[in-house]
Amino acid sequence: MTDQDASLYGLVAEFETGGELLKATENARKAGYTRIDAYSPLPLHGMEEAIGQSYTRLPVVVFFGGMLGMIGGYSLQYYTAVIDYPIMIGGKGLHSWPAFIPVTFECTILFAAFAAVFGMILMNGLPRPHHPIFETPNFDRASQDRFFLAIEAEDPKFERAATRTFLEELNPHAVSEVTH
Amino acid sequence: METTTSGHNQAGYVPPPDVIDRSETYGSVTNLIGSIPLEPRIRPGWITGFLVGFALLQVMLLSVTYLLVHGTGVWGLNIPVGWGFAIVNFVWWVGIGHAGTLISAILLLLKQDWRMAIARFSEAMTLFAVACAGVFPVLHTGRPWLAFWLLPYPNSMQIWPQFRSPLLWDVFAISTYATVSILFWYVGLIPDLATMRDRAKNKLIKYIYGTLALGWRGSAWHWHRYEIASLTLAGLATPLVVSVHTIVSFDFAVSVIPGWHTTIFPPYFVAGAVYSGFAMVLTLLIPLRSYYGLQSVVTMRHIHNCAKVMLATGLIVGYGYSMEIFIAWYSGVEYEQFMLITERMTGPYALQYWALIFCNVITPQFLWFRGVRENLVLLWILTIVVNIGMWLERYVIVVISLHRDYLPSSWDMYSGTVWDWGLYIGTLGLFTTLIFLFIRVLPMIAIFEVRMLLPDAQKSEEKKA
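Residue numbers (numbering that gives the first Met the number 0), protein chains in the order written: chain Z, 0 to 179; chain X, 0 to 464.
Please keep in mind that the hints were generated in silico from the structure rather than gathered at the bench. Note that the Cβ used here is the ideal one computed from N, Cα and C, for glycine as well. Honestly, I wouldn't trust all of these hints.
If you want a taste of the chain X side facing chain Z, the calculated C-beta under 8 Å gives, among others [claimed, not checked]:
| # | residue |
| --- | --- |
| 1 | R21 |
| 2 | W45 |
| 3 | H223 |
Computed footprint of chain Z on chain X, listed as stretches where at least three residues anywhere in the stretch have a Cβ under 8 Å from a Cβ of chain Z [stated by the list, open to error]:
| # | stretch |
| --- | --- |
| 4 | 25-37 |
| 5 | 154-160 |
| 6 | 171-179 |
| 7 | 203-214 |
| 8 | 226-234 |
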């Protein structure tokens with residue numbers, strides 16, 4: 000890699016429809032590129048397969064969040080109502096578990112929802128105010144009506160000229176070099 | 000390529016003909032919705048509506064101040080009616096909020112395309128309605144500055160809240176509901192905040208939207224987790240919304256007061272909540288869509304479907320009323336029969352009861368007719384009538400059941416004072432103010448979801464072929 004290449008983030012192709020982006024992403028994968036990302040103003044179905052992403056651990060995070068809420072919520076009630084501040088109500092016994100279910104349920108949902116939201120945000124590497132892709136010309140339309148495919152310079156198969164030719168063959172609206 | 004997890008995809012997806020005007024494109028819907036919060040001028044209609052709401056908000060400020068200075072004695076509450084307007088209004092507002100969660104969560108799981116254009120707006124309505132609801136129980140505690148005593152925290156008094164009480168379940172249900180609704184709403188906003196960031200010309204506005212968007216860039220890897228998070232949240236919010244009004248109904252049903260102690264309360268409260276919520280969605284949406292020219296996105300299909308949900312839930316509510324009466328008769332318990340039949344239908348509050356039956360049981364029957372659902376002025380009036388009816392329903396349940404108990408010597412009449420009305424009207428002002436601020440600063444329709452309704456697919460399929 001030359002010095003000039005060191006500052007290069009990658010090559011970015013711009014497309015007009017989601018269908019074109021899907022097809023281009025598939026082709027890039029088939030051509031052996033691995034460090035690729037596709038940017039779109041809406042979720043594109045079929046993109047998971049096209050970009051080679053099969054699964055995320057997010058549901059596992061949510062499950063453990065929910066479990067934590069459930070165990071925490073029930074323990075809180077058991078500790079306060081049975082151990083630390085026992086008051087007999089209606090002769091039901093101190094461990095009157097049916098009365099503890101609503102709060103346990105609410106705590107489960109609350110913690111699972113927190114896990115889902117913050118899990119999604121953090122696993123996506125957000126918040127991240129700046130990213131090299133924002134330097135792409137016209138990229139403000141990636142959140143509106145344009146579709147972008149980036150092949151990063153770190154990709155082992157990346158070669159400036161060959162990759163540019165490859166992208167241009169996909170019939171994009173434009174191809175641009177993006178620097179860090 | 001086949002349809003994957005959620006009901007909409009690009010390849011091979013044909014949008015329903017009437018949920019969106021098919022002449023729209025990605026760019027045009029972005030422009031239509033995204034330009035409203037960024038327009039530099041302040042529309043006369045917006046400022047009028049905002050000022051009306053803001054003036055009513057001052058009534059709330061006055062009512063709360065007077066209440067805090069003089070105590071809850073300024074309300075009409077006394078023994079035997081210890082729960083009056085505060086609880087009526089609380090239940091009414093929480094119920095209105097439920098339509099937003101139903102639209103955004105349950106209809107997402109049911110893959111209903113028509114929800115997309117109205118989900119954002121309804122979720123905002125949920126948040127603001129829950130905010131209004133929260134005012135009442137907090138003030139009803141009498142010393143709201145000590146309302147944090149409701150929370151379980153180690154304290155110098157060496158006591159804990161009583162977890163066997165439905166009133167404490169309520170604290171957890173409402174605070175969880177408010178929190179999850181905010182999270183769900185914010186997650187839905189992230190991609191649109193990025194759109195607003197990219198459209199804003201003013202540096203400061205760009206910076207604010209950009210900060211809130213967290214640096215969202217629409218990456219495929221991000222969208223994947225985003226969609227899983229959305230579906231998960233919808234799956235969590237669905238049982239949550241049902242649990243919230245169930246727990247609100249437990250405040251009544253777990254007691255032993257005739258008129259409250261009824262097993263039908265949870266389902267009939269949830270149906271009533273959805274009923275009033277959809278009525279409120281239409282009350283707000285019918286004028287808004289024509290004022291902002293959103294007819295191509297919020298179509299007549301949306302109006303029809305909301306009206307049909309109102310009809311269905313209205314019928315469930317009507318069934319609830321008749322079952323209350325039937326069970327009172329069938330149980331053979333004289334106190335139940337006295338309260339639910341004699342007292343409600345012929346007692347001193349019979350006018351409120353029959354007005355409730357007119358508003359909630361007779362009115363929705365007009366929605367069977369297509370002509371009524373298409374007449375927007377008539378439909379708008381019906382939605383107002385239904386919300387008055389739902390308020391009366393809670394009034395009937397709370398006040399009639401309490402004002403005459405087992406001992407005739409303690410019977411008494413109840414009516415709200417000017418400060419009860421002031422606080423109620425004040426929360427209408429709070430709600431209106433928040434709604435107007437919301438439509439001014441945030442996209443009121445989820446732009447990225449509306450894009451999903453557009454036929455990118457056909458174009459790309461043709462190119463492939």
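Results of checking the hints against the structure:
At a threshold of 8 Å, the smallest CB-CB gap from R21 (chain X) to chain Z is about 16 Å, leaving the interface hint violated. At about 24 Å, the closest approach between the beta carbon of W45 (chain X) and any beta carbon in chain Z exceeds 8 Å, and the interface hint on this residue is violated. The criterion of a C-beta within 8 Å of any C-beta in chain Z is met by H223 (chain X), whose closest approach is roughly 6 Å, and the hint holds. Using a Cβ-Cβ cut-off of 8 Å, 4 residues of the stretch 25-37 of chain X lie near chain Z, which meets the minimum of three, so the contact claim holds.
Check result for the stretch 154-160 of chain X against chain Z: holds, 4 residues qualifying (beta carbon to beta carbon below 8 Å, three or more required). Beta-carbon proximity to chain Z at under 8 Å applies to 5 residues in the stretch 171-179 of chain X; the threshold of 3 is reached and the given coverage holds. Only residues whose beta carbon comes within less than 8 Å of a beta carbon in chain Z count, and the stretch 203-214 of chain X has 4; three or more means the coverage holds. With a cut-off of 8 Å between beta carbons, the stretch 226-234 of chain X has 5 residues touching chain Z; three or more are needed, and the interface restraint holds.
The structure fails to meet hints 1, 2 from the earlier list, while all remaining hints are met.
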